[in-house]
Amino acid sequence: MIIAERKTLKELIGMVDGFNNILILGCRGCVAVCSAGGDKEVSTLASALKLGLSRQGRTIDIDERTLVRQCDPEYIDPLNDDASDYDAVLSMACGVGVNFIADRCPEVNVLPALDTTFYGANLSSGEWKEMCAGCGACVLHLTGGLCPVARCAKSLSNGPCGGSQEGRCEIHPDVACIWQQIYDKLSGLNRSDDMKNIMPMRDWTTAGHGGPRRRIREDLLP
Amino acid sequence: MNRIKGFCCNYTLSVEPDALKSEGLIPENVEIERLPCTGRLEVSELLDSFTQGVSAVFVVGCQLDKCHNLSGSRRASKRVSQAKKILEELEMDPGLVEMFFADRGETEPVVQAARLMSERTAG
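These protein sequence lines map, in sequence, to chains W and R. The numbering of the first sequence is my numbering, which starts it at 1 and goes up by one. The numbering of the second sequence is my numbering, which starts it at 1001 and goes up by one.
Hints may contain errors.
[As the list claims (entries may be wrong)] Now the in silico label distances, taken between C-beta atoms and shown as ranges: (1) R:Glu1119 with W:Lys154: 53 to 59 Å; (2) W:Pro173 with R:Asp1018: 40 to 46 Å; (3) W:Ala121 with R:Pro1094: 46 to 52 Å; (4) W:Gly211 with R:Asn1002: 56 to 62 Å; (5) R:Gln1082 with W:Gly145: 54 to 60 Å; (6) R:Pro1094 with W:Glu166: 36 to 42 Å; (7) R:Glu1106 with W:Lys154: 55 to 61 Å; (8) W:Gly134 with R:Pro1094: 35 to 41 Å; (9) R:Gly1024 with W:Lys129: 50 to 56 Å.
[As the list claims (entries may be wrong)] To spell it out: a stretch of chain W is covered by chain R in this simulated footprint if at least three of its residues, at any positions, have a beta carbon under 8 Å from a beta carbon of chain R; those stretches are: (10) 7-15; (11) 33-44; (12) 50-58.
[As the list claims (entries may be wrong)] Straight-line distance between alpha carbons at most 25 Å, and here's what the computed DSS-like set of lysine-lysine pairs gives: (13) W:Lys129 with W:Lys154; (14) W:Lys10 with R:Lys1078; (15) W:Lys7 with R:Lys1085; (16) W:Lys185 with W:Lys129; (17) W:Lys7 with R:Lys1078; (18) W:Lys10 with R:Lys1066; (19) R:Lys1085 with W:Lys40; (20) W:Lys10 with W:Lys40; (21) W:Lys185 with W:Lys154; (22) W:Lys129 with R:Lys1085; (23) W:Lys129 with W:Lys40; (24) R:Lys1078 with W:Lys40; (25) W:Lys10 with R:Lys1085; (26) R:Lys1066 with W:Lys7; (27) W:Lys196 with W:Lys129; (28) W:Lys7 with W:Lys40; (29) W:Lys40 with R:Lys1084; (30) W:Lys185 with W:Lys196; (31) W:Lys129 with R:Lys1066; (32) R:Lys1066 with R:Lys1078; (33) W:Lys7 with W:Lys185.
If you are wondering where the hints come from, they were derived from the structure by calculation, not from laboratory data. Note that beta-carbon positions come from the ideal geometry of N, C-alpha and C, so glycine has one too.
Excised from the complex, chain R in its bound form (with noise of 0.2 Å):
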């Protein structure tokens, strides 16, 4: 089975990913890892991933305009872009690492994340 590598902050995803995979909600190949914001995210932690043998990596941040750290996840969306480039240089399809916005607190848009782009490999 495809691995999928997510990386959310601790305000888009408040619960262990543990939590989440034990109910059910998230596909077992999704792994989560959690970061105090998704800013420090780097693209080379992006493309290492694929390197490691993971399938798609996704981020889930903050919307926008509701940042906890004011600016973390557009620098993680902008990086997300640069990877996206990467990826078609080498070949790849950009579709392979996404970024995600998700409202404090809410669950929701993690699980769907993992699960689009746990189906988004699954072909």
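Pulled out of the complex, with its shape left as it was, chain W reads as follows (with noise of 0.2 Å):
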């Protein structure tokens, strides 16, 4: 799923400035599941902004919504209607669903409440790790499942480089070395041969190099 966390109070409260009334839009999507822009976190911001705003003497108007989704036209083509009262819509979905109001509701003045950070698998509760970098040109069959591009901190198609040391990453002693576990992986399925395929350089378009990103299935255009 998508990870995400929330802004800082203080960076909200700053992008709040000036505003009387604002929606807090919550996501039922990835949002949700990683606790940064569901139903409950939406309440919790605007309690949290109330009690800072209130603290600067300060008072605004604040609403909550949340929606299923923010990254669909049928869930946010609705806020055409009635968000445009709303000096602001502040949206507790990841970047894609800030992006998608704002190309579709050319009145509504959305902005982030969230970081949006990585791709990710949720570890255990309130843990969260970053697994696929959605560069476009999928090599995990080659790695035992196991992703070189978002899990090496240089993004090495052929390692283990230099700096890995006891199956850590010369990063930081707590990340182990992704290419140690590839090879560790591959060995235990009797595959540790498969390391010797050097991969050959890739394109990088696949991964946003190439200017953003579309996918078209014909067979389900309206």
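Taking the hints as your guide, dock the two standalone chains into a single complex.
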């Protein structure tokens, strides 16, 4: 899922400076699952902003709403009917939701309440870890299912590098060397010889270096 | 006088809060709300108390290993911790919201919590 975390209250209070009424808009997609922007987080942020503003002698009207998703038109297009009445919509979706509202709702002043951080897995309650970089050219079949693009600090295609020491990455002792893990995984599958296959130079255009990416499935087009 | 708000579950406070006040056990400025379980409390309710003019908030739940609803007081404790972090972000004293634990039917810890929080804001 997409992982995100709330911006600091100081930043958000500054963001809504001068506004009289805002809508805090949650999303029940990824950001709800990672406890950053679902119903409960909308309610907490509304209370925190009210408290922070009241301490500055300011009050603004804050409404709360949470959409099923903010990345599908059927859920955000209704904002065109009433959200322009607000001085701003503070979206608690990932950056996709904020962008989509900005694209489709010309009169809505949309602001981001979250920093969108990575695609990750939920290791345990309250802990998430990056597992995928969305590079658009998956090589997991070559690496035992472990991603060197997202999980190697250098995104090496042919590792490990000289900074791998006793299975740890040189950037931090808490970070496992993913190339060591790839070797261990392939060895466990009796595929360690796969490490001898040199991956060719990557074409990074699929990773967004060729501009915004787009996918079209003609069979699903209206 | 500073207003203090307390939230207690029915199991940690089995007597009416007003009775404690009329007995002179808790200060007049302390208002206690009884809940079926403190695990029901949300962070927003803790924060809203401050916005409504309360100076300090406390929660009294069951002992962590003896919660009537198993994990209610643990949930409450985590939410109090979250509220503390938000107070810090807002440059407020995180000690203005506090979690306490009490054995079932033991009124004394509730009284002590109320007095402590009242004293904490007195200065």
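field: Assessment of proposed distance window 56 to 62 Å (beta carbons of Gly211 (chain W), Asn1002 (chain R))
entry: Check passed, 59 Å falls within 56 to 62 Å.
query: Does Lys1085 (chain R) lie within 25 Å of Lys7 (chain W) when you go C-alpha to C-alpha?
result: holds (13 Å)
- request: Would you check the hint for Lys10 (chain W) and Lys1066 (chain R), treating anything up to 25 Å between C-alpha atoms as holding?
  value: violated (39 Å)
query: Okay, Glu1106 (chain R) versus Lys154 (chain W) on CB: inside 55 to 61 Å?
result: holds (59 Å)
query: Lys10 (chain W) and Lys1085 (chain R): Cα distance at most 25 Å?
result: Roughly 13 Å between the alpha carbons, so the hint for Lys10 (chain W) and Lys1085 (chain R) holds.
Lys129 (chain W) paired with Lys1085 (chain R) [C-alpha distance capped at 25 Å]: holds (23 Å)
Restraint status (C-alpha distance of Lys1078 (chain R) to Lys40 (chain W) at most 25 Å): holds (14 Å)
- prompt: Against chain R, does the stretch 50-58 of chain W show at least 3 residues with beta-carbon separation below 8 Å?
  reply: Holds, because 5 residues of the stretch 50-58 of chain W bring their Cβ atoms closer than 8 Å to Cβ atoms of chain R.
- prompt: Range hint 40 to 46 Å: satisfied by the CB atoms of Pro173 (chain W) and Asp1018 (chain R)?
  reply: Taking Cβ atoms as reference, Pro173 (chain W) and Asp1018 (chain R) lie about 57 Å apart, which means the hint is violated.
message: Can you confirm whether the C-alpha distance between Lys185 (chain W) and Lys154 (chain W) stays at or below 25 Å?
response: holds (20 Å)
Agreement of Lys129 (chain W) and Lys1066 (chain R) with the hint, judged by alpha carbon distance not exceeding 25 Å: violated (34 Å)
message: Between the alpha carbons of Lys10 (chain W) and Lys40 (chain W), is the straight-line distance 25 Å or under?
response: Answer holds: Lys10 (chain W) to Lys40 (chain W) is near 20 Å, not above 25 Å.
In this structure, the hints that do not hold are numbers 2, 3, 5, 18, 26, 27, 31 and 33, in rising order.
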